[in-house]
Structures are given as C-alpha cells and as structure tokens.
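Below, each chain spelled out in residue letters.
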Amino acid sequence: MYASQSTGWFGQLIQRSNDGGQTWEPVGNNFAYQSTPGTHLWYDGTQHPWEFKPVWRLEPSLTDPDVVYAGVEDAALFRSADAGQTWQELGGLRDAKGHLWQPGAGGMCLHTIILDPANPRPIFVAISAAGAFRSDDDGQTWLPVNKGLISAFELPDSATEVGHCVHNLAMHPSRPEVLFMQKHWDVMRSDDSGDSWHEVSGNLPSDFGFPIAVHAHEPNTIYVVPIKSDSEHYPPDGKLRVYRSRSGGSEWEPLTNGLPQSDCYVNVLRSALAVDTLPSCGIYFGTTGGQVYASADSGDTWAPIVRDLPAVLSVEVQTLP
Amino acid sequence: MIRVVLPQHLRTLVKVSQPLELQLAEPATIGAPLDALENRYPVLRGTIRDQLTRQRRPFIRFFACGQDLSLEPLETALPPAVTAGVEPVRIVGAMPGG
Numbered sequence: 012m013y014a015s016q017s018t019g020w021f022g023q024l025i026q027r028s029n030d031g032g033q034t035w036e037p038v039g040n041n042f043a044y045q046s047t048p049g050t051h052l053w054y055d056g057t058q059h060p061w062e063f064k065p066v067w068r069l070e071p072s073l074t075d076p077d078v079v080y081a082g083v084e085d086a087a088l089f090r091s092a093d094a095g096q097t098w099q100e101l102g103g104l105r106d107a108k109g110h111l112w113q114p115g116a117g118g119m120c121l122h123t124i125i126l127d128p129a130n131p132r133p134i135f136v137a138i139s140a141a142g143a144f145r146s147d148d149d150g151q152t153w154l155p156v157n158k159g160l161i162s163a164f165e166l167p168d169s170a171t172e173v174g175h176c177v178h179n180l181a182m183h184p185s186r187p188e189v190l191f192m193q194k195h196w197d198v199m200r201s202d203d204s205g206d207s208w209h210e211v212s213g214n215l216p217s218d219f220g221f222p223i224a225v226h227a228h229e230p231n232t233i234y235v236v237p238i239k240s241d242s243e244h245y246p247p248d249g250k251l252r253v254y255r256s257r258s259g260g261s262e263w264e265p266l267t268n269g270l271p272q273s274d275c276y277v278n279v280l281r282s283a284l285a286v287d288t289l290p291s292c293g294i295y296f297g298t299t300g301g302q303v304y305a306s307a308d309s310g311d312t313w314a315p316i317v318r319d320l321p322a323v324l325s326v327e328v329q330t331l332p
Numbered sequence: 004m005i006r007v008v009l010p011q012h013l014r015t016l017v018k019v020s021q022p023l024e025l026q027l028a029e030p031a032t033i034g035a036p037l038d039a040l041e042n043r044y045p046v047l048r049g050t051i052r053d054q055l056t057r058q059r060r061p062f063i064r065f066f067a068c069g070q071d072l073s074l075e076p077l078e079t080a081l082p083p084a085v086t087a088g089v090e091p092v093r094i095v096g097a098m099p100g101g
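Chains as they are written, first to last, in this note's numbering: chain F, 12 to 332; chain A, 4 to 101.
Since the hints were derived computationally from the structure, they do not count as laboratory data. Note that the structure is predicted; figures quoted are calculated from it, not measured. In this text, a Cβ means the ideal position worked out from N, Cα and C, and glycines have one as well. Accuracy of the hints is not assured; some may be wrong.
[As the list claims (entries may be wrong)] To give an idea of the chain F side of the interface with chain A (calculated C-beta under 7 angstroms), a few residues: (1) F21; (2) N40; (3) N41.
[As the list claims (entries may be wrong)] Derived EDC-like pairs (lysine to aspartate or glutamate); straight-line CA-CA distance at most 20 angstroms: (4) K18/A - D38/A; (5) K18/A - E36/F; (6) K158/F - D106/F; (7) K158/F - D202/F; (8) K108/F - D206/F; (9) K108/F - D147/F; (10) K64/F - D53/A; (11) K18/A - D30/F; (12) K239/F - D206/F.
Model the full assembly from the supplied sequences, consistent with the hints where possible.
Structure follows, in structure tokens:
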C-alpha cells in the first residue's frame, strides 16, 4: 500500500506499507520533472513555469509489484520501477499540448490514472481543466482523448481538444474499451477507448459531481454522487443520494436507504468512492464531513461505518481472500 | 559535535526521540547541519529545504541561542555555544495563523 502525505510545513512525503497498513516506511519523495519543465497557461493568459506541488494519486501497477505511478500537480505523471524509491517523469504526457493546460479552481492536478489489467501498455489519465489523455505505449507518448466533451460554461471553444475539466474516470476490467467520466458538468461515456464521448447524464438531478465508479461484476452498472453545482458543493435538496445506473448511463435511480435525506451539506471527493470485489459488491464512500458510508449490497442499503474524521480525501478498498 | 533538535513530525520520520548529535567539518556554518542531516537521513530531503531549489521551506525556521537564524546566509558561522555543543540548533515548524 502507498500513501501520499503533503503538508505546508514539510512538503511531500510518500509512505509505503508492506503489511497491509500496520507499519509504514517513507520511500522516495523526489519528483523532478524531466528536463526543463517549461510553462503552461496561467489564469491571466500568460505562460507560467511548471512547479511541483502535491502528489494527488498513487496507482500501483496491476501486473508488476515494483511499478507504481504517481499523478502530481502541476500536472505530470511519474513512474517508479523500484516500489517508490525513485521516480521518473513520463514527460511525453506534457507534450500533449501541455502549454495550453491551465489550472482550474482545484489546481492543475493529475488526479486519475486508469490501468488495464489485461494489457500493461494502455494508460489513461485525467487532469483537471486539461482533460483526458491516453498512452498506447506504456506512457511514452500521449494523445488528448476529449472528442465529444462539451464545456459550454467553462471554455470559449466549448469543444476544444484540451481544457475540459475532467473530474474522474472509471473502467471495468472486463471491458477496457468502455470508459465512464464524471466531468465538471456532465457524465460521459466512451465505447472506443476515449476516441469519442457521448453524454449519459440522463435523469440525474444534477450532472455536476466528482467521483464515478463501476460495479465490480456488472460492467454496465455505474455510480455517481451528484452535487448541486460548481459553486455549491453539496447534494441537491440537502439529500445525500448515490445514483446508480444499470444501463451504463442515461437511466439513473437514487440510492437513499440509510443515507441522510435532509439538511445534509457534505461533498464526496473524486477519490472517495470505491468498490470491493465480494460477490454482492460492496460500495464505500467518504464525505467532506468525515463520515464513511458502506453498502454491502451494491448500493441498495447504506450505513455509516466511520464518523468524525477530517474531510475524507480518498477511500480505497482491499478485498481479502 | 553539535546537537540538533528536530520538530516532532520529523523526529517521527527518522525514528529518533532525542536531539541528534552531528559531527561537522570546519567551518561549522548554518548550512552544515542541514547537509549533514540530509546525508544521514535521506528521508529528510525535501522536508526542510526544497529538493530542487535548496531553499528553506516557508514554514520552517532555524533557531539557536535564542536567535532566529532563518534569514541568515547558509555560509554564516554557527554561534560558538552551538559549535561547543552547549546549545542546540532548533529546526522549528512555524505556527502559521489562520
């Protein structure tokens, strides 16, 4: 297991546990951009130097126990081949029009890394206010894969190749060509490995949100947690509802049993929704109010399993044999 | 031999509870214990100074003999009481308001 710690005092640390989280050891924390990192677009339209900030995402390889990927802010992807001791940037990603990427309100962070368990070569990543990107050669070269995304409220060219604020991606391992996306606004689906996207927001009460997840055993069953808007990060009507689609999008049902249905104003962040691989597929999510809710039955019923934490940034599930 | 007191979180990181004792080459400057610490405990690299720029992190301060040494050039000699091992260098995580 890996954990990213970042504080204003002591900067970035990476910790690794070899015993399921009982004990932790610090590993490498030197994330040096490959060559001169160059510049990206800044809020005022000028170019701004790339600067390393926190590690947002750590994604262990699904096939090689020594390989782990790290998504960082300012957006870049790093790879370690020695279980986190040293890190090398996969600098080809920033060649995918990196000079046009621009930070959004949450910073210019690479927050999502999707790996294909059957094939180590394709990698998908998502970057806030830049978009989704795919590599077909284990991270050496990259293409923006944002065709079909429409960001009418956010961008002067609503269908531009880069600049879309992708919040999260999800894939089912049995069907790696199908991707689901929670964008800033809009829930999207691609059936061709990201080459094109179409909207599947359907009857959601709001299509703004952060996390998206796929059921462990039903590749067409997906989950989102709608919130009201970009400036109002809380559930519509104060009702905390997970929405489930059993049709791969477009038709959604609210899941409310056991969740607060009045005066609830928490958010669920992009990495705070996870599924286990038990036969009935447990679903878990953490809130900015410090609760973790769990469902042992694919979302039909829920109960809080932890409360009074700080804001929950990330929920990961390990299904033990 | 000089003594260095780390802030609590860095003591946890390097698994020590007592002030660290460092043997420094002459001349013993403000920068010398930082270099020695990072050499003995590579995990401290980046936690006190930025790994790329080598600049002190904004909320880290250096004190010795009741004086704030944070803004002094790293080539400045440490106070005699420090080099004599009487007083420690204190690396402090500042208490920013908010």
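Hint check:
Proximity of F21/F to chain A holds as hinted, the smallest CB-CB distance being about 4 angstroms (cut-off 7 angstroms). Because the smallest distance between the Cβ of N40/F and any Cβ of chain A comes to about 5 angstroms, under 7 angstroms, the interface hint for this residue holds. Using the Cβ-Cβ criterion of 7 angstroms, the hint placing N41/F at the interface with chain A is satisfied: the shortest such distance is roughly 5 angstroms. For the hint linking K18/A to D38/A, the alpha-carbon distance of about 19 angstroms falls within 20 angstroms, and the restraint holds.
Under the criterion of a C-alpha separation no larger than 20 angstroms, the hint pairing K18/A with E36/F is consistent with the structure, at around 10 angstroms. With a C-alpha separation of about 18 angstroms, the suggested pair K158/F and D106/F falls inside the 20 angstroms cut-off, and the hint holds. Restraint check for K158/F and D202/F: satisfied, since their Cα atoms lie roughly 12 angstroms apart, inside the 20 angstroms limit. Under the criterion of a C-alpha separation no larger than 20 angstroms, the hint pairing K108/F with D206/F is consistent with the structure, at around 17 angstroms.
For the hint linking K108/F to D147/F, the alpha-carbon distance of about 17 angstroms falls within 20 angstroms, and the restraint holds. A distance of roughly 11 angstroms separates the Cα atoms of K64/F and D53/A; the hinted pair therefore holds under the 20 angstroms criterion. With a CA separation close to 19 angstroms, the supplied pair K18/A and D30/F stays within the 20 angstroms bound. Using a Cα cut-off of 20 angstroms, the hinted pair K239/F and D206/F is violated, with the two alpha carbons roughly 29 angstroms apart.
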